[in-house]
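Novice: Taken in sequence, the protein lines are chains A and B.
Residues in the first sequence are numbered consecutively from 1, following the working numbering.
Residues in the second sequence are numbered consecutively from 1001, following the working numbering.
Hints are computed from structural coordinates only; laboratory data are not their basis.
Some clues are possibly wrong.
[Unchecked claim] Below, simulated BS3-like cross-link-like pairs (lysine-lysine); rule was C-alpha separation at most 25 Å, straight line: (1) LYS73(A) / LYS1073(B); (2) LYS1009(B) / LYS89(A); (3) LYS1297(B) / LYS80(A); (4) LYS1073(B) / LYS1149(B); (5) LYS110(A) / LYS129(A); (6) LYS109(A) / LYS89(A); (7) LYS1137(B) / LYS1073(B); (8) LYS1101(B) / LYS1085(B); (9) LYS109(A) / LYS1009(B); (10) LYS1009(B) / LYS130(A); (11) LYS89(A) / LYS1297(B); (12) LYS1127(B) / LYS1085(B); (13) LYS1297(B) / LYS1009(B); (14) LYS89(A) / LYS129(A); (15) LYS1052(B) / LYS1085(B); (16) LYS80(A) / LYS205(A); (17) LYS1065(B) / LYS1085(B); (18) LYS110(A) / LYS1089(B); (19) LYS1127(B) / LYS1080(B); (20) LYS1089(B) / LYS1073(B).
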Amino acid sequence: MIRFDHVSKRFSGQYDALSDITVQIPDGEFVFVIGPSGAGKTTLLRLLIRDILPTAGTVHVDDWNVHTMPSSKVHLLRRKIGTVFQDFKLLTDRTVFENVSLGLEIVGKKEAEIATRVKDVLELVGLAKKHRSFPGELSAGEMQRTGIARAIVAGPAILLADEPTGNLDPETGWEIFTILQEINKMGTTVVMATHNASVVNDVKKRTIALLHGKIESDEANGRYHVAKHTKKP
Amino acid sequence: MSAFATTAKHIRRSPYQAMAAIVTLFVTFLLIGIFFLSAVASAFVLQYFERKPQITVFFVDKATKEDADALTKKLETTGKTSSIKFVSKDDALLIYREQNKNDPLLLEMVTADILPASLEISATEPKFLADLEPLIKDAQGVEEVVYQKDVVDTLIVWTNAIRWIGGIVAGLLTFNSILIIMTVISMKIALRRDEIDILRLIGASPWYIRMPFILEGGLYGLVGSFGAWMIITVLAVWLRPALLAFLGVIPVIHTLLVSATSTQFVLSSAGFLSGMLLSGLLLGSFGSLIALGRYLKL
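Using the sequences plus the hints, can you model the full thing?
Specialist: Next up, the structure:
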């Protein structure tokens, strides 16, 4: 269970990136977070992994108060939450296999277990044949699949995806979304920040729309209104 | 990838920085090692002379055993001597032969006739030496009086000088080494900032992230100190005959240096290596830890 209670976040000298956010996400749910650039989507996700701290309010992941937990325990929170980044954040000097196995190495798993688990996850994301490739040899879609594989390899309870289709063509974006949906079906809570209107509108999942740091709507079968949820140039 | 593999990768990526750190630590440990051994040797020399009789009275060639006995009696009646030992010309020759048994040339040139007989005197307390001095100087047949105190005082000055200079040089070099390791490790932290951020975000523990850097500093220390030990050992083996000729009179040093394959030499060398490696590991790791504390906030 993810719980935001009256959470606000102000970056120094700026307006409120988030203002009085109260929302709950039960276990196993698939939630889209939408809104124009600067609406606070990424801030919301960064608060969950304590990459930043709220200015006011509390963020809970299960029984953990993300704000007050000791710094020495933050890595345990982050192991509970897999994160997929828009810019992939892969280690360019490591192969696909090594990038994915990183998620298990950091928790001290044995080599044999790592090999088996990574193989399974790479098959799930359709990258089994690319395990020896370096990120520079992959397409954007393949890099994002690698990022997803790394995020889920240790079996996190929650998966955060920060605009995972942002750098991808529509077709590849759909492929990535399909993978995320598969992961959700296996019981993982998925929170996906996105600008991808077609995905949001076609799958009809719970959608939290942010605007100027506030929740504009929170609907079970939400829709992405391009005119409203995309910042005009 | 284990912490060791990551460390090896870090070093391969920037070999010149690694080399700079290793060379600095090598020079540091080379000089520290040399000063340490000099200080130990000087302590042995000092100890040797401190254990010798406090006064040695050498007699002229024509002096008789009766002259020595008369002086012995006169000194004993003062009650201020703890031991008086007569060393005849023949005894002196035996001592000389023992000290120079490895140099036949020196043995051939010396006979008992040219060596003086002597009295080795120790006072019950150092303050009585001044009371004994006039009695000795006025005695018949005395040629020369050697006060061990003078030798010991000179040795103490030298030993202290070695300790002070060695300590200051070692301190400065250690400080310099820590700065170099800090600089190298902080550059590596900066170079790997993206990787560190990724590791942090996917849940790596702070020690998982720090460990390769600590190992790297420790490895620099190990390699640098091992190199220094090798050079010092080669120097010790090479200079062994000269050192034996110069300091062989001191039993501890003689036993140690009598053979480069002796148990004492090998064990001492192994002990010295262990000390050097441990110091290198600690110094390198310490430098890394300071850099991590300063430049890697997790």
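Novice: Could you work out which of the previously given hints the structure breaks and list their numbers from low to high?
Specialist: 1 and 18
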